[in-house]
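For chain A, the structure is supplied; the task is to place chain B on it using the hints.
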Amino acid sequence: MAKGKRSSAPPQAVKAVEVSREDTRESTKVNLADGAALKRALDEAASKAVLSAGYQEDQSISNLKIGFSLITCAFAALAQFYPRKYPDNWVLLAVCVLGYMAGTGVLNFYVAGREGDAFMFTKRRKGLGHELRISSSMQRYSEWYTMVISSSHDPSRDSVSMRTSVTKYFDSTGVLATKVLEADVTKLLNDWESQRKRL
Amino acid sequence: MNAIKSLISDQWNALATLNIRSLLLQGTNLGLIVTSALIVWKTLILFTGSESPIVVVLSGSMEPGFYRGDILFLYMSSKPVRTGEIVVFNLEGRDIPIVHRAIKVHEQDDAGNINILTKGDNNSQDDRVLYNEGQKWLERSHIMGRVVGCLPYVGQVTIILNDYPKLKYLLIGVLGLFVFTSNE
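Same order as they appear, the protein sequences are chains A and B. Note that numbering that gives the first Met the number 0 gives residue 74 to position 75 of the first sequence, counting from 1, and the numbers run on in steps of one. Note that numbering that gives the first Met the number 0 gives residue 115 to position 116 of the second sequence, counting from 1, and the numbers run on in steps of one.
Bound conformation, chain A alone:
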């Protein structure tokens, strides 16, 4: 009996020290009054958790966004730096203006429409059905952070979500407890996977 107790006590102590050292190594400190920064920190940590759970990030929409933004800016740069002056260059100007408007139209309606409030998309994981769409929302001045995992093709169909208060993840100085968040995200991922298996 006594032998069992003695052998169980030291490992506990060692584990506690290891956890706190890891936390301080990758601790992110956020200004607690800045709601947008809190959400951003949670989204980033959740992305890392999803990646470490074995999913690969699908960056096609992000690439689309960057590509279209660059093209649109290129139209504007062309209009500005073309060597001929107005009114000789009015055809080029018209083309650039129309190209710019088309680019911003695509960006705002198509790309943003596909992305919505999602902050991460993943590719299909081996053995499982769907690509994931991970989104989150947090209202202004609210403490509640809602994270939704759904299929990226049909987000309205099935989804799992969790709603937690940010007070669970941040301490009073603004340090993010990454392990706690990772545990919650992993649990949500498991919920999703078991839901997919059932169907």
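It is possible that some hints are incorrect.
[What the hints assert, rightly or not] With a straight-line Cα cutoff of 30 Å, these simulated DSSO-like cross-link-like pairs (lysine-lysine) come out:
no. : chain 1 : residue 1 : chain 2 : residue 2
1   : A       : K186      : A       : K122
2   : B       : K78       : B       : K41
3   : B       : K4        : A       : K84
4   : A       : K186      : A       : K28
5   : B       : K78       : A       : K84
6   : B       : K103      : A       : K84
7   : A       : K38       : A       : K28
8   : A       : K84       : B       : K167
9   : A       : K38       : B       : K4
10  : B       : K103      : B       : K118
11  : B       : K165      : A       : K84
12  : A       : K122      : A       : K38
13  : A       : K38       : A       : K186
14  : A       : K122      : A       : K196
15  : B       : K135      : B       : K118
16  : B       : K103      : B       : K135
17  : A       : K38       : A       : K167
18  : A       : K178      : A       : K167
19  : B       : K41       : A       : K84
20  : A       : K28       : B       : K4
21  : B       : K4        : B       : K135
22  : A       : K196      : A       : K47
23  : A       : K47       : A       : K122
24  : A       : K38       : A       : K178
25  : B       : K165      : B       : K41
26  : A       : K47       : A       : K28
27  : B       : K118      : A       : K84
None of these hints come from the bench; they were simulated from the model.
This is chain B only, laid out in the frame that chain A set:
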């Protein structure tokens, strides 16, 4: 002061941990904001037919109609210039356009080629003293546009920014700081 220092260092830390992709996303975002203002200007150029649709009055040669610091809106249609219209014109070799009134117009032929003589309302002589050596008339190609609207006093800001260029850099720096620190 300390609050500003910690704000800047927080932002710097946030920026320093970003990877290429995030930098690209933020950079293109900023680029879109800047270029949208540029495109609005180019669209105005296309719509008004004038290469500089908004100008600031820099001299008092059109008083009491326009004072130094007024903003003028220009529009250029294909209708020929008539006497009495206030036009803004460019002279070859000079980069600052002049806003005066057309007082004489001669039509050369039916093709719409006209010769124009201008004079500032507040000047005692016509603009032949301003024109280039040997130039007695303005032609349509010199005209940037007709004045169709005026906004008094607002142009003083542009004049001050031009006279004190350090203010311009300060303004841009402050605006850039705002864009970076208000990232929602």
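Broken hints, numbered, in rising order?
Checked against the structure, the hints that fail are numbers 3 and 21, while the rest are satisfied.
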